[in-house]
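Going line by line, the protein sequences match chains F and L.
FYI, the numbering for the first sequence is 622 to 780, going by our numbering.
FYI, the numbering for the second sequence is 132 to 246, going by our numbering.
Because the hints were derived from the structure by calculation, they are not lab data.
We put the beta carbon where it would ideally sit given N, CA and C, even for glycine.
Do not rely on the hints blindly, as some may be mistaken.
Unchecked claim - Sample of chain F residues at the chain L side, in silico, Cβ under 10 Å: (1) N653; (2) S655; (3) R658; (4) V673; (5) E674; (6) T687; (7) S723; (8) D725; (9) P726; (10) P730; (11) L746; (12) L750; (13) L754; (14) D757; (15) Y760.
Stated by the list, open to error - Pair ranges (Cβ atoms, derived): (16) P228/L - V673/F: 15 to 23 Å; (17) I642/F - V139/L: 42 to 50 Å; (18) E204/L - V646/F: 39 to 47 Å; (19) E667/F - D216/L: 19 to 27 Å; (20) T722/F - K235/L: 38 to 46 Å; (21) F724/F - E239/L: 37 to 45 Å.
Unchecked claim - Dumping the calculated DSS-like pairs for lysine-lysine here, alpha-carbon to alpha-carbon at most 27 Å: (22) K650/F - K243/L; (23) K243/L - K151/L; (24) K201/L - K174/L; (25) K691/F - K245/L; (26) K151/L - K711/F; (27) K691/F - K151/L; (28) K201/L - K712/F.
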Amino acid sequence: MKLSINLKSNLKLGSNSKHIIKKIVIKSKTENLSEIRNFISENAIEAGLKQVEIDDMILAVDEACTNIIKHAYKSYPEGEILIEVDYNNKKFTIKLIDYGTSFDPESIPDPDLQKYYRQRRVGGLGLYLMRTLMDDVQYISVPGKYNQVLLSKNLNNSN
Amino acid sequence: MAEFNTSVNDKGEISVVSLKGFLDAHTANVLENTFSNLLEENKYKIVVNFEDLSYISSAGLGVFMAFIEKVRENGGDIKLTSMSDKVFNIFDLLGFPLLYEIFKSEDEAINKFKE
């Protein structure tokens, strides 16, 4: 299947370490999740991350994008999700921007699996996974304009 | 697009569901349909083999949550087997080993039903 993806990349030279930034824009459909995972994987491999770190990031980004598709865009398939990776030798950050409905992540408690079992509900698992798998998760919402999620992992390779 | 499929093999009264590929928010409905069909046929003793499953997200985990209660109400269970470490870690992070029996091999899971 052909996807409409705009691919841009550029290099930004910082004062002490080289930043690499790459972006794609993807439509808000669950069938595009595999494309998103591949984009994260390719860049994380290029950044020299360990496989276990790559797996964590792929899942965290999948969960974030699934939430965007289902909640911010309420399964409307023509919404845009901008995905930008930005890394240097210290940190790998993924920025996700959407233009759908905002939400307050603080209003979502950590999941209680026993309660989910009784109520047969599974919402909130994705957010919990994102917070667990990444070193930092930050949300910025400008209601009516855009929502931004920043997911980052500190890189411990001191070379 | 990620590929995912299931295959069902009956071993006596036990249904073994083998998962293959990538189980995410796009493909979770394939597994939902598989479980729905089993329940329609009153098959409640289910072993799910994860050996060929490469990836799972919370949407996939949610499918197990959605069916487990009905299965147990009918005297059955969903037992899980043959997970890679990567897939097991996700189940573990979310506390699933408290709610589901997870076995190393398919035979162990099948035998547990026979006890």
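Tested hints:
The restraint placing N653/F at the interface with chain L holds, with a minimum CB-CB distance near 8 Å, inside the 10 Å limit. Residue-level restraint check for S655/F holds (minimum Cβ-Cβ distance to chain L is 4 Å; threshold 10 Å). Look at R658/F: its Cβ gets to within about 8 Å of chain L, closer than 10 Å, so that hint holds up. Of the supplied interface hints, the one on V673/F holds, with its beta-carbon coming within about 8 Å of a beta-carbon of chain L, less than 10 Å.
Taking 10 Å as the C-beta contact cut-off toward chain L, the hint placing E674/F at the interface is violated, the least distance being around 12 Å. A hinted interface residue such as T687/F counts as satisfied when its beta carbon comes closer than 10 Å to some beta carbon of chain L; here the least separation is about 4 Å, so the hint holds. Because the beta carbon of S723/F sits about 20 Å from the nearest beta carbon in chain L, more than 10 Å, this interface hint is broken. The closest approach between the C-beta of D725/F and any C-beta of chain L is roughly 20 Å, which is over the 10 Å cut-off, so the hint fails.
For P726/F, the suggested interface contact is broken, since its CB lies about 15 Å from the closest CB of chain L, more than 10 Å. With 10 Å as the threshold, the beta carbon of P730/F stays out of range of chain L, its nearest partner Cβ sitting at about 14 Å, so the hint is violated. At about 4 Å, the closest approach between the beta carbon of L746/F and any beta carbon in chain L falls short of 10 Å, and the interface hint on this residue holds. For the restraint placing L750/F at the interface with chain L, the shortest Cβ-Cβ distance is roughly 6 Å, inside the 10 Å limit, so the hint holds.
Because the closest C-beta pair between L754/F and chain L is about 8 Å apart, less than 10 Å, the hint holds. Residue-level restraint check for D757/F is violated (minimum Cβ-Cβ distance to chain L is 18 Å; threshold 10 Å). A least Cβ separation of about 18 Å between Y760/F and chain L goes past the 10 Å threshold, and the interface hint is therefore violated. The given range of 15 to 23 Å is respected by P228/L and V673/F, whose C-beta atoms sit roughly 20 Å from each other.
Range check, I642/F to V139/L: Cβ separation about 46 Å, and the 42 to 50 Å hint holds. Checked against the hint of 39 to 47 Å, the pair E204/L and V646/F passes, with Cβ atoms roughly 46 Å apart. Distance hint check: the CB atoms of E667/F and D216/L are about 25 Å apart, consistent with the given range 19 to 27 Å. Under the hint 38 to 46 Å, the C-beta atoms of T722/F and K235/L, about 44 Å apart, fit the expected range.
As the Cβ distance of F724/F to E239/L is approximately 43 Å, the hint placing it in 37 to 45 Å holds. For the suggested pair K650/F and K243/L, the alpha carbons sit about 40 Å apart, so the restraint of at most 27 Å is broken. This hinted pair checks out: K243/L and K151/L have alpha carbons roughly 23 Å apart, not beyond 27 Å. For the given pair, K201/L sits about 11 Å from K174/L by alpha-carbon distance, which is consistent with the 27 Å threshold.
With a CA separation close to 41 Å, the supplied pair K691/F and K245/L exceeds the 27 Å bound. With a C-alpha separation of about 36 Å, the suggested pairing of K151/L with K711/F is violated against the 27 Å cut-off. Note on K691/F and K151/L: the hinted pairing holds, with a Cα-Cα distance of about 24 Å set against a maximum of 27 Å. With a C-alpha separation of about 45 Å, the suggested pair K201/L and K712/F falls outside the 27 Å cut-off, and the hint is violated.
Checked against the numbered hints given earlier, the structure breaks hints 5, 7, 8, 9, 10, 14, 15, 22, 25, 26 and 28 and satisfies all the rest.
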